[in-house]
Amino acid sequence: QVQLVQSGPEVKRPGASVKVSCKASGYTFTNFGISWVRQAPGQGLEWMGWISVYNDNTNYAEKFQGRVTMTTDTSTNTAFMELRSLRSDDTAVYYCARGGDADHWGQGTLVTVSS
Amino acid sequence: DIQMTQSPSSLSASVGDRVTITCRASQDIRDYLAWFQQQPGKAPKPLIYAASRLQSGVPSKFSGSGSGTDFTLTINSLQPEDFATYYCQQYQSFPWTFGQGTKVEIK
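Line by line, the protein sequences give chains D and S. Here the first sequence stands for residues 1 to 115, numbered as in the numbering used here. Here the second sequence stands for residues 1 to 107, numbered as in the numbering used here.
Calculated from the structure, these hints are not laboratory results. Please read these numbers as outputs of a predicted model, since none were measured by experiment.
Sample of chain S residues at the chain D side, in silico, Cβ under 10 Å:
id, residue
1, Pro-44
2, Tyr-49
3, Ser-56
4, Gly-101
For every residue, glycine included, the Cβ atom is placed at its ideal position computed from N, Cα and C.
Chain D extracted, bound-state conformation (with noise of 0.2 Å):
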């Protein structure tokens, strides 16, 4: 069965960056693209980007333009958000999901930033 399994909590300092993996299994990875989604504490959910695993194009959220990078790794069916630059407002569950429809969701990884 398809599965998206997320890297465990995050606690970082204002200022620094952190990486979140995605571990996909149950399908043939390079055939759907992946969405990062983030809900910060008692927030609705905010689309950060995406990425194509077949050819690694992205597109990212304005909002995010030059503090996230998106990537993969095909050889461990993985793929990996990185946030740079971390403020307190970056707080919040950030979730994986597979392709446009986002059919099937990672369980969320919680990154806290504080000083």
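Given the structure of chain D, go ahead and fit chain S onto it with the hints provided.
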């Protein structure tokens, strides 16, 4: 960017009720619309894609309709496990965008 506006933001309903949530896009997105259900502390659960197609394993009490700019999610015979927050998302053009969510609460 395409703005997605859900209404209402919240609603109260009783077990057994039928509820309808509306999602409006600021421009034509054809049928590139998905609906998700989210329980507190859990990842969103996909319900519908392509505006009206049920994701695998989703019960038929959920239905979606619409095309272009106006969409609806209908839940028939509301059960306790259906009380949650529901989100729409367009994936017709980048940046993909979510509605602000509709919280369905128990009356």
